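2 protein chains.
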Amino acid sequence: MSQRVCISLDAMGGDHGPSTVVPGAALARERHPGMTFLMFGDEAILTPLVAAEPRLEGAVEIRHTTISIAMDDKPSQAVRQGRGKSSMWQAIQAVRDGHADAAVSAGNTGALMAMSKICLKTMSGIERPAIACLWPTVRGESVVLDVGATIGTDAEHLVEMAVMGAAMARIVFDLDRPTVGLLNVGTEEMKGNEAVKEAARLLREMELPNFAYHGFVEGTDLGRGTTDVVVTEGFTGNIALKTAEGTAKQIAAYLRSAMSRTLSAKIGYFFARQAFEALREKMNPSRANGGVFLGLEGIVIKSHGSENAQGFAAAIDLAHDMARHDLMRTIRDMLDQTPAVVTA
Amino acid sequence: MSQRVCISLDAMGGDHGPSTVVPGAALARERHPGMTFLMFGDEAILTPLVAAEPRLEGAVEIRHTTISIAMDDKPSQAVRQGRGKSSMWQAIQAVRDGHADAAVSAGNTGALMAMSKICLKTMSGIERPAIACLWPTVRGESVVLDVGATIGTDAEHLVEMAVMGAAMARIVFDLDRPTVGLLNVGTEEMKGNEAVKEAARLLREMELPNFAYHGFVEGTDLGRGTTDVVVTEGFTGNIALKTAEGTAKQIAAYLRSAMSRTLSAKIGYFFARQAFEALREKMNPSRANGGVFLGLEGIVIKSHGSENAQGFAAAIDLAHDMARHDLMRTIRDMLDQTPAVVTA
Numbered sequence: 001m002s003q004r005v006c007i008s009l010d011a012m013g014g015d016h017g018p019s020t021v022v023p024g025a026a027l028a029r030e031r032h033p034g035m036t037f038l039m040f041g042d043e044a045i046l047t048p049l050v051a052a053e054p055r056l057e058g059a060v061e062i063r064h065t066t067i068s069i070a071m072d073d074k075p076s077q078a079v080r081q082g083r084g085k086s087s088m089w090q091a092i093q094a095v096r097d098g099h100a101d102a103a104v105s106a107g108n109t110g111a112l113m114a115m116s117k118i119c120l121k122t123m124s125g126i127e128r129p130a131i132a133c134l135w136p137t138v139r140g141e142s143v144v145l146d147v148g149a150t151i152g153t154d155a156e157h158l159v160e161m162a163v164m165g166a167a168m169a170r171i172v173f174d175l176d177r178p179t180v181g182l183l184n185v186g187t188e189e190m191k192g193n194e195a196v197k198e199a200a201r202l203l204r205e206m207e208l209p210n211f212a213y214h215g216f217v218e219g220t221d222l223g224r225g226t227t228d229v230v231v232t233e234g235f236t237g238n239i240a241l242k243t244a245e246g247t248a249k250q251i252a253a254y255l256r257s258a259m260s261r262t263l264s265a266k267i268g269y270f271f272a273r274q275a276f277e278a279l280r281e282k283m284n285p286s287r288a289n290g291g292v293f294l295g296l297e298g299i300v301i302k303s304h305g306s307e308n309a310q311g312f313a314a315a316i317d318l319a320h321d322m323a324r325h326d327l328m329r330t331i332r333d334m335l336d337q338t339p340a341v342v343t344a
Numbered sequence: 001m002s003q004r005v006c007i008s009l010d011a012m013g014g015d016h017g018p019s020t021v022v023p024g025a026a027l028a029r030e031r032h033p034g035m036t037f038l039m040f041g042d043e044a045i046l047t048p049l050v051a052a053e054p055r056l057e058g059a060v061e062i063r064h065t066t067i068s069i070a071m072d073d074k075p076s077q078a079v080r081q082g083r084g085k086s087s088m089w090q091a092i093q094a095v096r097d098g099h100a101d102a103a104v105s106a107g108n109t110g111a112l113m114a115m116s117k118i119c120l121k122t123m124s125g126i127e128r129p130a131i132a133c134l135w136p137t138v139r140g141e142s143v144v145l146d147v148g149a150t151i152g153t154d155a156e157h158l159v160e161m162a163v164m165g166a167a168m169a170r171i172v173f174d175l176d177r178p179t180v181g182l183l184n185v186g187t188e189e190m191k192g193n194e195a196v197k198e199a200a201r202l203l204r205e206m207e208l209p210n211f212a213y214h215g216f217v218e219g220t221d222l223g224r225g226t227t228d229v230v231v232t233e234g235f236t237g238n239i240a241l242k243t244a245e246g247t248a249k250q251i252a253a254y255l256r257s258a259m260s261r262t263l264s265a266k267i268g269y270f271f272a273r274q275a276f277e278a279l280r281e282k283m284n285p286s287r288a289n290g291g292v293f294l295g296l297e298g299i300v301i302k303s304h305g306s307e308n309a310q311g312f313a314a315a316i317d318l319a320h321d322m323a324r325h326d327l328m329r330t331i332r333d334m335l336d337q338t339p340a341v342v343t344a
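Residue numbers (the UniProt record's numbering), protein chains in the order written: chain X, 1 to 344; chain R, 1 to 344.
Treat the hints loosely; a few may be bogus.
Said to hold, decoys possible - Some but not every residue of chain X turned toward chain R, in silico, with C-beta under 7 angstroms:
1. Ile62
2. Arg63
3. His64
4. Ala244
Stated by the list, open to error - Below, computed lysine to any residue pairings styled on SDA-like, alpha-carbon distance capped at 25 angstroms:
5. Lys191/R <-> Asn193/X
6. Lys249/R <-> Thr226/X
7. Lys249/X <-> Arg280/R
8. Lys191/X <-> Glu245/R
9. Lys74/X <-> Lys121/R
10. Lys197/R <-> Gly152/X
11. Lys282/X <-> Thr262/R
12. Lys191/X <-> Thr338/R
13. Lys282/R <-> Thr179/X
14. Lys282/R <-> Glu156/X
15. Lys74/X <-> Arg139/X
16. Lys266/R <-> Arg329/X
17. Lys121/R <-> Lys197/R
18. Lys74/X <-> Arg31/X
19. Lys85/R <-> Asp73/R
20. Lys266/R <-> Thr220/X
21. Lys249/X <-> Asn284/X
22. Lys282/R <-> Asn193/X
23. Lys249/R <-> Lys197/X
24. Lys282/X <-> Ile151/R
25. Lys191/R <-> Glu156/R
26. Lys121/R <-> Thr262/R
27. Lys197/R <-> Pro339/R
28. Lys191/X <-> Leu175/X
29. Lys282/X <-> Phe271/R
30. Lys249/X <-> Gln93/R
31. Lys191/X <-> Ile151/R
32. Lys282/X <-> Arg31/X
33. Lys197/X <-> Asp174/X
34. Lys282/R <-> Ser260/X
35. Lys282/R <-> Asp176/X
Hints in this document: simulated from the structure, not taken from any laboratory.
No experiment lies behind these values; they were computed from the predicted model shown.
Even glycine gets a Cβ: it sits at the ideal position worked out from N, Cα and C.
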């Protein structure tokens, strides 16, 4: 890894493409002045956008391609049509070839994961990759995975995810020994499905040095921040994540309506508007944007497809952190210390 | 069913036992003056509590038992020790024997479900029971099931739940043809696990007259109230429910902290306090308390173990509604109209 972190960007990905990616990159570079970018996409569109951003001066190399992956392409179709040629593939390939330290795309999640697996390959010792996100909690943030890479799981996969999630938590939260919980329907030993119960047994027995296995956690523990890492299967994790997003929006709607119903409430809103502003910022999903693909031979970050420049910049920040603190080596070191039962 | 609804109460269940159950019953009776109760529990405790509630005058028959199920008893242990004798069992048995129209307990969920299955039996055509709850949405409420009765599922069970959930929605929301969604990680046809995909195919093909199959819904659709009924497997449903509860608490904590940080915010809070009060009431989980056991030969409602009298009263209200509108017959009628592929 170079001292100066270089991020490859799928400049055509997401609902808004270059009009979000370029200002997002500018915003992120303001916070990390040494950072450089490889931008893959349509030169004719990208060149003027980059030129208009003084914060990107001398930091961007544009690699021309007009082939991009549509948000509703099926993964298999995207791979067939986009392999080698598309902005998404080339951004990933730049990581594989050592030209970039991490790739960021706001494109179609399924296609991005399929291409990442083919192009980068999964790490030795890892059965299936996972997507991790930073979940805002009352204590700060937790790493939660898998939020949708794989449907269905077994105990070994849950243990692998515990190891990878802990590696990410060590980096992001700068902790020596993060706590890890397994998401379940109760905290008692007999609760849950076979995979969760068996994973709990394995994690208790292994007593790995680099993280502390906490036990089962429940849905309420996510917002509470009970553990630094929460591990679950991808179907459940995806639904939990979107349920929390939906609940936050629902409460925001209640709040808006309550604050505009009476004159007294409107006066109250006027005085408390800075507090509301702070709350809105705290609840802003863009702040925690970015899904980290774990278990691949390279760093790939998925930005939410509908994010604005601020959200895309948060995904670049995350890519920068992962690359600078050498996520890959941290995961490899931790896997090396994991008994063979898992890495077999 | 008698004209006057009679509810049997496990008066010893829950974290607070009779001190919540008795005032909860009084509160509910204020709203449904014709209602009567069979209360199962320790006479020495119950008699003075009931006598102290004028709203319960002439409405309560106490059935003495000193055996109760602890909140942390394993279901198998609870059945062994409490079968026939405990307040929980007897409350359920009163429904089986036709002495009560519905049973309510705030006791241990696993024990209540195990006893209900043994005592009442599952309905013909139903593989496994489910627990349904009323989920608050921006549009009102939705029926969501299963929130934790069964871990793991198959397509047939999901279809059964769609039918039972729709029956409940017809009653609670007074709708002729409620909409039903299957909870999934995306709305596209190829998304999800095999059970969900197969259930979607079955529901599309069946075109049942008494509800409209909407398609897949995501976690964000829960708070949005996209469909009247949302069907999912019990592990995921339980985690989604608790994640939403946790998120609501988290945002309430943010809000409290934001409103007390500056003088201006405090002044704003003062003026808007009625609006905050309305919001608090809207977010109050007690309002939507009560899990309905569906798929049994009788109505059993689970109240949250830590609820106060207000929450317990909401569970009784739900039991009253289910009994008065003959939930059992509505489910049976709808199952009769369901093709044999499912009810086989």
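Quick rundown of the hints versus the structure:
1. Ile62: violated, 32 angstroms
2. Arg63: Arginine 63/X check fails; min Cβ-Cβ to chain R is 31 angstroms, beyond 7 angstroms.
3. His64: Violated: closest Cβ of chain R sits about 31 angstroms from histidine 64/X, beyond 7 angstroms.
4. Ala244: Holds: closest Cβ of chain R sits about 5 angstroms from alanine 244/X, inside 7 angstroms.
5. Lys191/R <-> Asn193/X: holds, 22 angstroms
6. Lys249/R <-> Thr226/X: This hinted pair holds, its Cα atoms lying about 14 angstroms apart.
7. Lys249/X <-> Arg280/R: Answer holds: lysine 249/X to arginine 280/R is near 16 angstroms, not above 25 angstroms.
8. Lys191/X <-> Glu245/R: Holds. Lysine 191/X to glutamate 245/R sits at ~20 angstroms (cutoff 25 angstroms).
9. Lys74/X <-> Lys121/R: violated, 45 angstroms
10. Lys197/R <-> Gly152/X: holds, 14 angstroms
11. Lys282/X <-> Thr262/R: holds, 17 angstroms
12. Lys191/X <-> Thr338/R: violated, 33 angstroms
13. Lys282/R <-> Thr179/X: Cα-Cα ~34 angstroms, so violated.
14. Lys282/R <-> Glu156/X: Answer violated: lysine 282/R to glutamate 156/X is near 42 angstroms, above 25 angstroms.
15. Lys74/X <-> Arg139/X: The hint is violated at about 38 angstroms.
16. Lys266/R <-> Arg329/X: Distance ~49 angstroms between lysine 266/R and arginine 329/X Cα, so the pair is violated.
17. Lys121/R <-> Lys197/R: Violated, because 29 angstroms separates the two Cα atoms, which is more than 25 angstroms.
18. Lys74/X <-> Arg31/X: violated, 35 angstroms
19. Lys85/R <-> Asp73/R: With Cα atoms ~15 angstroms apart, lysine 85/R and aspartate 73/R stay inside 25 angstroms; holds.
20. Lys266/R <-> Thr220/X: With a Cα-Cα distance of about 29 angstroms, the restraint between lysine 266/R and threonine 220/X is violated, given a limit of 25 angstroms.
21. Lys249/X <-> Asn284/X: holds, 10 angstroms
22. Lys282/R <-> Asn193/X: Violated, at roughly 34 angstroms.
23. Lys249/R <-> Lys197/X: violated, 28 angstroms
24. Lys282/X <-> Ile151/R: violated, 35 angstroms
25. Lys191/R <-> Glu156/R: Holds, at roughly 18 angstroms.
26. Lys121/R <-> Thr262/R: violated, 59 angstroms
27. Lys197/R <-> Pro339/R: Satisfied, since the Cα-Cα distance of roughly 18 angstroms is no more than 25 angstroms.
28. Lys191/X <-> Leu175/X: It is violated: about 30 angstroms lies between the C-alpha atoms, which goes past 25 angstroms.
29. Lys282/X <-> Phe271/R: Distance ~23 angstroms between lysine 282/X and phenylalanine 271/R Cα, so the pair holds.
30. Lys249/X <-> Gln93/R: violated, 43 angstroms
31. Lys191/X <-> Ile151/R: holds, 9 angstroms
32. Lys282/X <-> Arg31/X: holds, 19 angstroms
33. Lys197/X <-> Asp174/X: With Cα atoms ~29 angstroms apart, lysine 197/X and aspartate 174/X exceed 25 angstroms; violated.
34. Lys282/R <-> Ser260/X: At roughly 16 angstroms apart (the allowed maximum being 25 angstroms), serine 260/X and lysine 282/R satisfy the hint.
35. Lys282/R <-> Asp176/X: Distance ~42 angstroms between lysine 282/R and aspartate 176/X Cα, so the pair is violated.
The structure does not agree with the numbered hints 1, 2, 3, 9, 12, 13, 14, 15, 16, 17, 18, 20, 22, 23, 24, 26, 28, 30, 33, 35 stated previously, though it agrees with the rest.
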